[in-house]
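Taken in sequence, the protein lines are chains V and U. For the numbering used here, count along the first sequence from 1 and bump the result up by 16. For the numbering used here, count along the second sequence from 1 and bump the result up by 3.
One or more of the hints may lead you astray.
The following residues of chain V were derived to be distant from chain U, with all beta-carbon distances above 12 Å [stated by the list, open to error]:
1) Gly61
2) Pro68
3) Lys160
4) Arg161
5) Val178
6) Leu186
7) Gly193
8) Asp214
9) Gln254
10) Ser285
11) Gly298
Simulated coverage check for chain U against chain V, where a stretch passes if three residues somewhere in it have a Cβ under 8 Å from a Cβ of chain V [unchecked claim]:
12) 191–197
13) 325–337
14) 384–397
These are calculated hints, taken from the structure and not from any lab test. Positions of the beta carbon are idealized from the N, C-alpha and C atoms, including for glycine.
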Amino acid sequence: MSILLEPSTRIICQGITGKQASFHCERALAGGTNIVGGVRGGKGGSRHLGVPVFNSVREAVDVTDANATIIFVPPANASDAILEAVEAGIGLIVCVTERIPVLDIVRVKERLRASSSILVGPNSPGVAVPGVGTLGIMPQGIFKRGCVGIVSRSSTLTYEAVNQTTRNGLGQSACVGVGADPVVGLSQADCLERFLDDEETKGIVLIGEVGGISEERAAEFLRGRVATKPVVAYIAGQAVPEGRRMGHAGTIIHYGTGTAQSKIAALESAGVTVVSSPVDIGSAMADRLNAPSVGEVRQ
Amino acid sequence: MFIFEHQAKELMRESGIPVPRGLVATTESRAVEAAGELGEGPWVVKAQVHAGGRAQGYFLNDRHLSGVEFASTALEVGKAARSMLGSTLVTPQTTGQGEKVHSVYIESVVKTPLQLFLAMLVDGDSGQIACLATTKGGEEVETAVQVHPEILIKTLLGSTDAVSEGVTSAMGSQLGLTPLAQESLTCLIAQLHAMFFEKDLSLIEINPLGVKDNGSVIALDARITVDDNALYRQSRLAALGVRTESGSTERIASQNGFNFVRLDGDVGTFSSGAGLAMATVDALTHLGARPANFLDIPPVLEVSRVKQAFLLLLADDRIQSLFVNVFGAGIMRCDTIADGLLLAHLEKPISVPVIMRLAGTNAELAISRLERSGLPIQFVNDLASGAEKIASLQKEPPVSRPRTGWFGRLLGFRTRRHASGKS
């Protein structure tokens, strides 16, 4: 078992003929990811990377029975692409596109509330389940099938955590980049819930960054629950001066909340081991797995 | 993207939102004239910068002058304008370097018995538009809210283009407003909300919002942030665009699409991805090293822009060492980084030790290319050993440093480590 992505998941790619999409889908296919088709308006009926291309998501679903999609559509059309996937009943929608206007995603979220689809992203590196596949832009060849579930807001730090847990032999059960934008679909707390329910996952790495209150929400979710699995966290931006613009809109700090200190305090009070340097993520996870304190109720 | 107060007020005026009359001036004489055109005093002269906290701020050349000055004669208006124009204002919301003032905004002073704080922004937590309000408007609002969080009223306005009237009138009564003022507030919130969607804003802040005895409201200050990602469809606003970054290095960086922030140390840092860039700064700081900057290069880059980024760092004479931390993934390939560094070196020879951590796509290729170049580079396997290397460099006695030229440093850094070796 794993989370979000299973061997039976049938994946399509929206915008498959684009340069980025082709680059990543080609590698994903070579790595065994079950991509069954692609969508590109006007190119229906052709083939690309050895899979059929359709004019619409609806058409692709009718023919391939797809239940997941990876979206590589440019920002101006990306929210329409997400909505198209929702209307076609796709269960898992991963959106890699960055720089989508935030109000477009506000509208998308409104629509998602009335559906059973899950949106990962936007501005997400995607979902990877070693041994099953990669849905997104995560690099091939750094993963190792194992027991650590990784959830992160930042793409590059996801790879950093993957790298460290591969090198110390723990490996990963699944990795989810929830996206670096201020408004995203699936939250870090949602991922924790899935990882806690997943048998293969023995420990969880949570990577956050200053801004927003996603990490505080994750801590809230853990509090009061039985500590069945150790959680290690790192919050990026601790040494960065408060309130400065750091490239992610989500890191702008509004009204004194969302600071590294508030996130660290919230997570620690929920029994999470928070490392102060990103170099210690992998070793802290190994330490916690070797000395588990299972069964205690989190405060 | 930030816009100036006078631009924000112009947008509000167009949307039918009451704002005081005001005029922009870029010279002292125009400021005096403007005061006359606005009629009777007193007036307020406000420095136009892309930051809040102006009344709490000070000018670098005159610590007694703030960014918001009151004047009772036209002569005083001119004097305030003269002192502000061309000077640098530091506020709690600018960086320590402050921001240079190129224009001032002059308004007739409007006195109101009640001043609210009102803001509208995208709430990441709920994915909706949130409206924040408190009766404790003014410069001290942040402290007031910090001490008494209960005075801040937060209301979610939903995700669609219209606000329900029930929601806003509930806000008005929570704030303890008179029925007439409640009505004005309901109308104002509907106008702001429509503007928010129409103009693709990410923040509107009115602090203070004056409430008059007759219940009408007036936006005495205005701060608006436009969603950078939506500028492609907001061409009029995009044309107003001066980016938030101040300082020439930050401007060059922003023109090239880099995220650059100047910090106070002496280690140049170079990363791709905001998360990894922040982690790089964190890891160095954790070991006592002091980063000179935060630099995040977006992926999908031509070699020429990587070169630009390195040149930007090398132009900073505070830098005593350079730490490159790149995880090649997707379109960002390590060999692009290597080529960019080599090209930068041709233009401005690198004279400081360089520690490089290259991982992911084409790391081996990049390392072998750089090794052949003879540049003073030490390669490390991971972020941990890279940060340690930098920290140990800094602990070397500083007296040896001025005497060691580029060649000396090169000799000192002959020992290179291959990425596939053990660290």
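So, going through the hints one by one against the coordinates:
No beta-carbon of chain U is positioned within 12 Å of the beta-carbon of Gly61(V); the least distance is around 29 Å. Pro68(V), annotated as away from the interface, keeps every beta carbon of chain U farther than 12 Å; the closest lies near 25 Å. Distance check for Lys160(V) against chain U: the nearest CB is about 15 Å away, which clears 12 Å, and the non-interface claim stands. A cut-off of 12 Å between C-beta atoms confirms that Arg161(V) is not in contact with chain U; the least separation is 19 Å.
With a least CB separation of 10 Å from chain U, Val178(V) falls inside the 12 Å interface cut-off, contrary to its annotation. Every CB of chain U is more than 12 Å from the CB of Leu186(V) (nearest about 16 Å), matching its label as outside the interface. Against the 12 Å criterion, Gly193(V) falls within the reach of chain U, whose nearest CB is about 10 Å from its own CB. Consistency note on Asp214(V): stated as away from chain U, and its beta-carbon is indeed over 12 Å from all of that chain's, at 24 Å minimum.
For Gln254(V), the condition that its CB be more than 12 Å from all CB atoms of chain U is violated, with the nearest at approximately 5 Å. Its beta-carbon lying about 18 Å from the closest one in chain U, Ser285(V) satisfies the requirement of being farther than 12 Å from that chain. Not every beta carbon of chain U lies more than 12 Å from that of Gly298(V), the smallest distance being close to 10 Å; the non-interface claim is violated. Only residues whose beta carbon comes within less than 8 Å of a beta carbon in chain V count, and the stretch 191–197 of chain U has 0; fewer than three means the coverage is violated.
Only when three residues or more bring their CB closer than 8 Å to a CB of chain V does the claim for the stretch 325–337 of chain U stand; here the count is 5, and the claim holds. Interface restraint, the stretch 384–397 of chain U with chain V: holds (4 residues with C-beta to C-beta distance below 8 Å; minimum three).
Comparing the model with each earlier hint shows violations of hints 5, 7, 9, 11 and 12; every other hint is respected.
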